[in-house]
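There are 2 protein chains.
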Amino acid sequence: MDAGRLASSLRGGDRQALAKAISVVENDWAGAAALLKAVGPPGRAFILGVTGPPGTGKSTLVGRLVRAYRKRGMRVGVIAVDPTSPVTGGALLGDRIRMQAYAGDDGVFIRSMASRGWSGGLSRATSGALQLMDAAGFDIVILETVGIGQADIEVVAVAHAVLVVLMPGLGDDVQASKAGLMEVGDVYVVNKSDLEGADGMVVSLLGMLSGSKGRSAPVVKVSALKGDGIEKLEAAVDAVRVRFDRSPELRLHSVRGMILETARGDAMQRLERLSAPKADKLAKLVLEGKLAVSEAARMLAK
Amino acid sequence: MDAGRLASSLRGGDRQALAKAISVVENDWAGAAALLKAVGPPGRAFILGVTGPPGTGKSTLVGRLVRAYRKRGMRVGVIAVDPTSPVTGGALLGDRIRMQAYAGDDGVFIRSMASRGWSGGLSRATSGALQLMDAAGFDIVILETVGIGQADIEVVAVAHAVLVVLMPGLGDDVQASKAGLMEVGDVYVVNKSDLEGADGMVVSLLGMLSGSKGRSAPVVKVSALKGDGIEKLEAAVDAVRVRFDRSPELRLHSVRGMILETARGDAMQRLERLSAPKADKLAKLVLEGKLAVSEAARMLAK
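Chains as they are written, first to last, in my numbering: chain R, 118 to 419; chain F, 118 to 419.
The shape of chain R in the complex, shown without the other chains (with noise of 0.2 Å):
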């Protein structure tokens, strides 16, 4: 692979160069640091980031968001971060199949990427593919995870403004206060606002919103299955994003987010390279009372 000539194709629109590139950074294929440091700088994309508990629609939202903004002549990514199982390695394919609906229009690029569970591993890739779609001309980068772990935690490191998504009816512990939500978000969304209790939901949002710190996020209820609400969406998103191209401050707490990730990444990387047969020895020692759990741990890392 020639890094320099894959990024300047890339840059210049080659939508397969970026698909490519991508693969490359994910799979972390020799070249991909010189790949990422080929194609400049990022900083020009918006980067949204979704998020949310499991279940409540973020990714049909995100398609109705994708279609908004295609009406208005912006370039759309979208990545789609799927957890990989722990035990298989498995990628999950059927957020790729749900995102071929706009595999024909060349404005939109999609791509699921596998957060791997144990090793954070997510972060570099996910760090490594919104440098892309930035260097390749997107107006907007939308980061969606599937909110079930750390990967959420990225996204608010890296993301521009968060739009956290929400609906009436989950029990209470799956709600934002307890995920830590509640204070990531620049845009709520109630989705699936049909059902019952989205009204009272908006309230108790607006409630705790008022609550935390004078935060002044706006909550917005949308049904993305039936497609309501979605122009007062994103007229709110519209708002946020005025600010980003105001701010340069955004712009470097997104990079910060990046390079602390991909920090964070490199050390998961070099703890999953530790030898199982020296744990394996470690293990036994602390079960004869030999070694503490602590210096057994400090061993390995060594």
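Heads up, some of the hints might be wrong.
For identical chains, the list gives no copy identity; a pair is met inside one copy or between any two copies.
Below, computed lysine-lysine pairings styled on DSS-like, alpha-carbon distance capped at 27 Å [stated by the list, open to error]:
1. K137 <-> K349
2. K419 <-> K395
3. K154 <-> K419
4. K398 <-> K154
5. K154 <-> K349
6. K407 <-> K154
7. K401 <-> K419
8. K154 <-> K395
9. K401 <-> K154
10. K419 <-> K398
11. K137 <-> K407
12. K188 <-> K349
Keep in mind that the hints were calculated from the coordinates and are not lab data.
Let chain R serve as the given structure and place chain F on it in line with the hints.
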């Protein structure tokens, strides 16, 4: 703090000593390492991990199990892993209050522990609390997570057996296959059995389980709220406990998990100490095109 004296008090059944010891370990106070060394090797208590998506009623189910085991005269410890907001850092009081129902019973010890979103700080604290409860002579320690992240993977790493709690009526993407839960359970619970679709879910789980490498984990339908099906669940868990009693390999697996999670926590703690001003400086250099993100990450970690 005299680590040796505190260790011997908690081994003698002193609840206040145990509570204090867990605080020492949770907050990583001076003497934490000495204390964990002084309590001696782990390996006596049966560690039952309880995981599954949020909202499936894990806490209520754990309450049922605690009562059931107490009736049989077993001493039960519970560690409920709370997610802490990455922003406020505050612990969630809800679980703690709920758990006070058993406060008068000396055979039950319940502790909520905050998981620290960014840092993986959960690992070391949970692993330490497990060692302390084991040393305090509990027959069974139930490790309950809220099902929204990294903590669940850690539960699988250190538990002797894993109980996966699901419920009918959640969207496809909430379910076990996506979260990698189909590979990790020793017993599957379909909770809220009075909801529509419970039987269908049992059938589909059995189908998925038989499809995955000949595993034969039982699927038990319960209503934790009403108390239906709890005896069947007890019997299913008992069958796994018998395996544990006979298997030195299972004990080894758990200790290996504690070592790995502790090493992971150590690495995350080192990353957390990274200087924020340095990250800002590096982010500026990246935005100016003078440094790639991966180079900045390496420089930050140094």
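Status of each hint after checking the structure:
no.	hint	verdict
1	K137 <-> K349	neither (36 Å within a copy, 52 Å between copies)
2	K419 <-> K395	both (11 Å within a copy, 26 Å between copies)
3	K154 <-> K419	between (31 Å within a copy, 20 Å between copies)
4	K398 <-> K154	between (41 Å within a copy, 18 Å between copies)
5	K154 <-> K349	neither (39 Å within a copy, 59 Å between copies)
6	K407 <-> K154	between (48 Å within a copy, 9 Å between copies)
7	K401 <-> K419	within (18 Å within a copy, 33 Å between copies)
8	K154 <-> K395	between (36 Å within a copy, 20 Å between copies)
9	K401 <-> K154	between (45 Å within a copy, 15 Å between copies)
10	K419 <-> K398	within (15 Å within a copy, 30 Å between copies)
11	K137 <-> K407	between (51 Å within a copy, 25 Å between copies)
12	K188 <-> K349	within (15 Å within a copy, 56 Å between copies)
Of the numbered hints stated above, those contradicted by the structure are hints 1, 5, listed in ascending order.
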